[in-house]
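Protein sequence lines correspond, in order, to chains A and B. Under this note's numbering, residues 305 to 853 are what the first sequence spells out, in order. Under this note's numbering, residues 160 to 405 are what the second sequence spells out, in order.
It should be emphasised that the hints constitute simulated quantities derived from the structure, not laboratory data. If you're wondering where the values come from, they're calculated on a predicted model, not measured in any experiment. Watch out, some of these pointers could steer you wrong.
Computed list of lysine-lysine pairs in DSS-like fashion (alpha-carbon distance at most 27 Å, straight line) [to be verified]:
| no. | chain 1 | residue 1 | chain 2 | residue 2 |
| --- | --- | --- | --- | --- |
| 1 | B | LYS264 | A | LYS628 |
| 2 | A | LYS721 | A | LYS734 |
| 3 | B | LYS333 | B | LYS218 |
| 4 | A | LYS421 | B | LYS294 |
| 5 | B | LYS274 | A | LYS781 |
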Amino acid sequence: MKFQKLNIFLGLIGLFCVLGCDPKIDAIGEDPYGGGREALGISLSSQAPSPDAAYPGDEVTFKAKGLLAWSKPEANQYEFEFYIANEKAKIKSATDTTITVIIPENVSSGITNILLKGQVFYGPNFTVLGNVKIDSDWGIKTGTNGPVFNYLEHNSQSRSYYLIGGFYTVDGKERSKLAYISDRGVLADDNSSRYNVSRPLLYGFTSMSSEQTVNTMSYFSNGQILLSGSYNAYVYNKSYLELNNITVLNNNLVMDTMMVKVQAWGTSTATTKIVPRFNGGALQPIIRSFVTAEGKVIAVGNINTYAQADYAKSTAIENVYNYKTVASVFRMEKNGNLDAGYRSGDLAGAKGITDAYMDVAGGIVVVGEFTKFDNETANRIVRLDMDGKIDKAFSTNIGSGANGVINMVRYNKNAHKLAIVGSFTSFNGKPRQGVAVLNEDGTLDETFVPKEILGGQVNFASILNSGKVVISGTFQKYEGVSRPGFLILDANGQSTQRFNVPGAFIGQLFQAVETLTTTGKNGLLLMGNFSRFNGQRIDNIVMLEADFD
Amino acid sequence: MKMKIKLITFRTLFLIAFCYLCGVSCQDKSYLDDGGKASPQYNGTVMQFLESRPDLFKKLVSVIHYAGMENTFQNGNITFFAPTDYSINRSMQKLNNYWYNIQGKDSVSQIEQIKPEVWKDLLSMYIIPEKYVAKDIPQLDTVAMDAYPGQAYVSENGRAMNLGVVYHDANGVKYAGYRQLLFSYVNDFVNKDLTNAYVATSDIQPNNGVVHVLRFIDHDFGFNNSMFITKAVAAGIEPPKTNVNQ
Chain A
305 MKFQKLNIFL GLIGLFCVLG CDPKIDAIGE DPYGGGREAL GISLSSQAPS
355 PDAAYPGDEV TFKAKGLLAW SKPEANQYEF EFYIANEKAK IKSATDTTIT
405 VIIPENVSSG ITNILLKGQV FYGPNFTVLG NVKIDSDWGI KTGTNGPVFN
455 YLEHNSQSRS YYLIGGFYTV DGKERSKLAY ISDRGVLADD NSSRYNVSRP
505 LLYGFTSMSS EQTVNTMSYF SNGQILLSGS YNAYVYNKSY LELNNITVLN
555 NNLVMDTMMV KVQAWGTSTA TTKIVPRFNG GALQPIIRSF VTAEGKVIAV
605 GNINTYAQAD YAKSTAIENV YNYKTVASVF RMEKNGNLDA GYRSGDLAGA
655 KGITDAYMDV AGGIVVVGEF TKFDNETANR IVRLDMDGKI DKAFSTNIGS
705 GANGVINMVR YNKNAHKLAI VGSFTSFNGK PRQGVAVLNE DGTLDETFVP
755 KEILGGQVNF ASILNSGKVV ISGTFQKYEG VSRPGFLILD ANGQSTQRFN
805 VPGAFIGQLF QAVETLTTTG KNGLLLMGNF SRFNGQRIDN IVMLEADFD
Chain B
160 MKMKIKLITF RTLFLIAFCY LCGVSCQDKS YLDDGGKASP QYNGTVMQFL
210 ESRPDLFKKL VSVIHYAGME NTFQNGNITF FAPTDYSINR SMQKLNNYWY
260 NIQGKDSVSQ IEQIKPEVWK DLLSMYIIPE KYVAKDIPQL DTVAMDAYPG
310 QAYVSENGRA MNLGVVYHDA NGVKYAGYRQ LLFSYVNDFV NKDLTNAYVA
360 TSDIQPNNGV VHVLRFIDHD FGFNNSMFIT KAVAAGIEPP KTNVNQ
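Construct the entire structure; sequences and hints are all you get.
The structure is reproduced here in structure tokens:
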């Protein structure tokens, strides 16, 4: 009886609940993802075209899908466009699954795509044939893990180079800021006779070591090597000896040292210690250093203090330094003593120096942000003669100079010319969009006239012995043609198609060295801080084969 | 007996009242509305929308003015992938680190120290002509790009940017979960090398287009720091203006 009642009540509750709810309410709305725009139904296959590489003017057939919906091949009408490396290619014919195009007369290698109604359909990478390509047999394959700033050709092994910069590894092998490669690009062992140091600069990622870089290396006539940059210790006998941004090494890169007497200190009874034989340096980073014809050393940078250790007052663990004020450029004797005969008097130097070179006559050309040097007007470039004083004739030839910062200068002593790059738009009143070539005497080279540069700036320019000019930067177009970041220009600034086939370059070049490839052809060794060359992942160093005939 | 009847009646009344309450309470349908469907429409232009959210877009709005791009955001029919101020600040900090710590130059903290053309060049990559809401955009699977590549659209910059909708998995069922827009800078499509920026809020629809706000925790303005730094430095860094309040 009780059970029955309970069941009736429960049944009623259930009934009321069901009746109370309105079954007409939509529990599920419309599909929030439905109703979008129709896809265009077209695609370009990533399969290699036929042929897979071609010269300008050749016909190439690519595989595709759904083309007929957007074209009338019999009437030669196509709603879509075809591009190779952002250059439009003429469509010769199409079926529903293939498209044949003619390679444009001016084009670099790069990715292909179809453009339809503002949408891009990517295809494969296409190689445009020409006179420049990567030397695939060259020893270094993946590159370095930090910038390569500079190089030094070995004094007895021609086309073998010391590489210097801010890297820790070369092709995955540990090399701290300094490496040696043979003429075939093979990395030398770290116990090679030419490279008898394992970790020349402090290795690792501590704050002190990671900012250490070297950027200039040069030979003395006796085969010793001058090394400068931004570093404060160099390896000696498994420990590091203290120095100030510059030192002298023996021919095998082992530091040139001497034994000196020092003060005893605390519990230490040592009264001698081993120190660098070259006793001189700068408290600020050295941008460039040079060995003069007399075997002296010139250093350039945003430097105001010369430092020399006074070992007679020093102890085994701590050096006492004597300081002298210098003005941006100073000269030292082979032993590191400051040369008082150079840039004597109360000189001001300049602020914002970015680069410098020594010309064949022994003069130093300095560039940067400055508009005055030693308190005399000098618009971002100045030449100092043998005694360090401003070369007035050069200043006259410069005229009004650059109207913006000069970031870099590269000098070709065979061509007696220099290339400058920066954020200027004119030089001595003549329009030059961030890149200019000057003669050694400071006059503007009127034959090299850069063409229209779009999409970015030029941040590197270097003159080859033939007069051609290698430029690179963030630009995307040159003279109206898509040329992403790297060009080999003719001496008049023209970009000839066959020398400009490589694809996208991303980064900053520091050096372009004329040498020979592994097969003995003309080679161009590029060094810098870059991640891509010809659209491929390559880090900071690459060898090109360039047929300039 | 009397007591017993009373008790039963009371219990009966209670149950009837309970059933009545169940019935009545079910008449109120408001509980079926959750937070409600937020309206994706915004009554104003893209520019006005950005200006209405200074918590996210104060710096972005100043960049738009400084680069002279107001007209595009006021009048153009656009799809805008909005980078937040956090993204802009992060790139500025990395530029400053390069410029101040490595190059030893005066610090960079104000957007006006970078040339307006650099801002315009980079910001126009975030603008796609015409209106594309999430459902207009094809599927993208970052680990199966051959099957689901999304779709590349030409941006205002002229450069093609890749758009795609990532179908997330749900309870182990592939592609059954929520969907998220992905906006990518194409380094190299052939090698599937894209720099991705996930969208945090999609389909905000002002009168002249649609805004998809990029997730700020991991997006740097300009997609690629070295490109931002190289472009800013190559165009020239201006000295800081002392009278600007930051």
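Going down the list of hints, with the structure as the test:
1. B:LYS264 x A:LYS628: Distance of about 24 Å is within 27 Å: holds.
2. A:LYS721 x A:LYS734: holds (18 Å)
3. B:LYS333 x B:LYS218: Violated - the C-alpha atoms of LYS218 of chain B and LYS333 of chain B are around 39 Å apart, more than 27 Å.
4. A:LYS421 x B:LYS294: holds (18 Å)
5. B:LYS274 x A:LYS781: holds (20 Å)
The structure fails hint 3 only (numbered hints given earlier).
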